[in-house]
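Enquirer: Sequence:
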Amino acid sequence: MDGNKPAVQNCGVAVVVAHDLEFFEHWEKLYPFGGPPDGYRADPSLAEQTAFRNGSLQGAYLILAARSLGLDVNPMSGFDTAKVDEIFFSGTNFRSNFICCIGYGEPESIPGPRAPRLDFDEACEVL
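Counting from 1, one number per residue, gives the positions in the sequence shown under this note's numbering.
None of these hints come from the bench; they were simulated from the model.
Remember, it's a predicted structure, so these values are computed and weren't measured experimentally.
Any given hint could be a false lead.
Below, computed lysine to any residue pairings styled on SDA-like, alpha-carbon distance capped at 25 Å [what the hints assert, rightly or not]:
(1) Lys5 - Phe120
(2) Lys5 - Leu127
(3) Lys5 - Ala123
(4) Lys29 - Tyr61
(5) Lys29 - Phe52
(6) Lys29 - Val17
(7) Lys83 - Val8
Here are the in silico distance ranges between beta carbons for each label pair [claimed, not checked]:
(8) Ile110 - Asp43: 41 to 49 Å
(9) Glu125 - Glu48: 36 to 44 Å
(10) Glu28 - Gln58: 18 to 26 Å
(11) Asp43 - Gly70: 37 to 45 Å
(12) Gly70 - Glu25: 35 to 43 Å
Don't be surprised by glycine CBs; every beta carbon is placed ideally from N, CA and C.
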């Protein structure tokens, strides 16, 4: 998206948060106390959903860690994922999820007050 280009071009670091579609090939190292990953090998859709979900969670931890260090973080999904994948991940099993611009923002370049959010009762249901 054109509106995201200046943010990426002017930030301290632009991180492409991605996930490995064949994460299960590293199963013994990453999850040595669990069962075999045969279900992921047999079901590429399950593997893709799991990789995307867990990659998203890891990206969220990156955001929290950066912010805990006092850095500004601008996560964004408005970009050409196919182009980013071609440039950075060609010939691999990695796929981009989102981009995080990390650095110290100039106060005048940071948009006004936080955008409105849904109230708890509008977004959640307690069972």
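Enquirer: Would the pair Lys29 and Tyr61 pass a check requiring their Cα atoms to be no farther apart than 25 Å?
Expert: holds, 21 Å
Enquirer: Looking only at beta-carbon atoms, does the pair Ile110, Asp43 fall within the given range of 41 to 49 Å?
Expert: holds, 43 Å
Enquirer: Please check whether Glu125 and Glu48 have a Cβ separation lying inside 36 to 44 Å.
Expert: Violated, since Glu125 and Glu48 (Cβ atoms, about 28 Å apart) do not stay within the stated range.
Enquirer: Take the C-alpha atoms of Lys5 and Phe120, compute the straight-line distance between them, and say whether it is at most 25 Å.
Expert: Roughly 33 Å between the alpha carbons, so the hint for Lys5 and Phe120 is violated.
Enquirer: Starting from the range 37 to 45 Å, see whether the pair Asp43 and Gly70 falls in it by beta-carbon distance.
Expert: Check passed, 42 Å falls within 37 to 45 Å.
Enquirer: Straight-line Cα separation of Lys29 and Val17 no greater than 25 Å?
Expert: This hinted pair holds, its Cα atoms lying about 21 Å apart.
Enquirer: State, for the Cβ atoms of Gly70 and Glu25, whether the hinted interval 35 to 43 Å holds or is violated.
Expert: holds, 37 Å
Enquirer: With a cut-off of 25 Å on the C-alpha distance, tell me whether Lys29 and Phe52 pass.
Expert: holds, 19 Å
Enquirer: Tell me if the straight-line CA distance from Lys5 to Ala123 falls inside 25 Å.
Expert: violated, 31 Å
Enquirer: Is the hinted pair Lys83 and Val8 satisfied, with a Cα-Cα distance of at most 25 Å?
Expert: holds, 15 Å
Enquirer: Within 18 to 26 Å or not, the Cβ separation of Glu28 and Gln58?
Expert: holds, 19 Å
Enquirer: So if I understand the rule, the pair passes when the alpha-carbon distance is 25 Å or less; does Lys5 with Leu127 pass?
Expert: Status violated; Cα separation ~42 Å.
This entry does not satisfy hints 1, 2, 3 and 9, going by the numbered hints stated previously.
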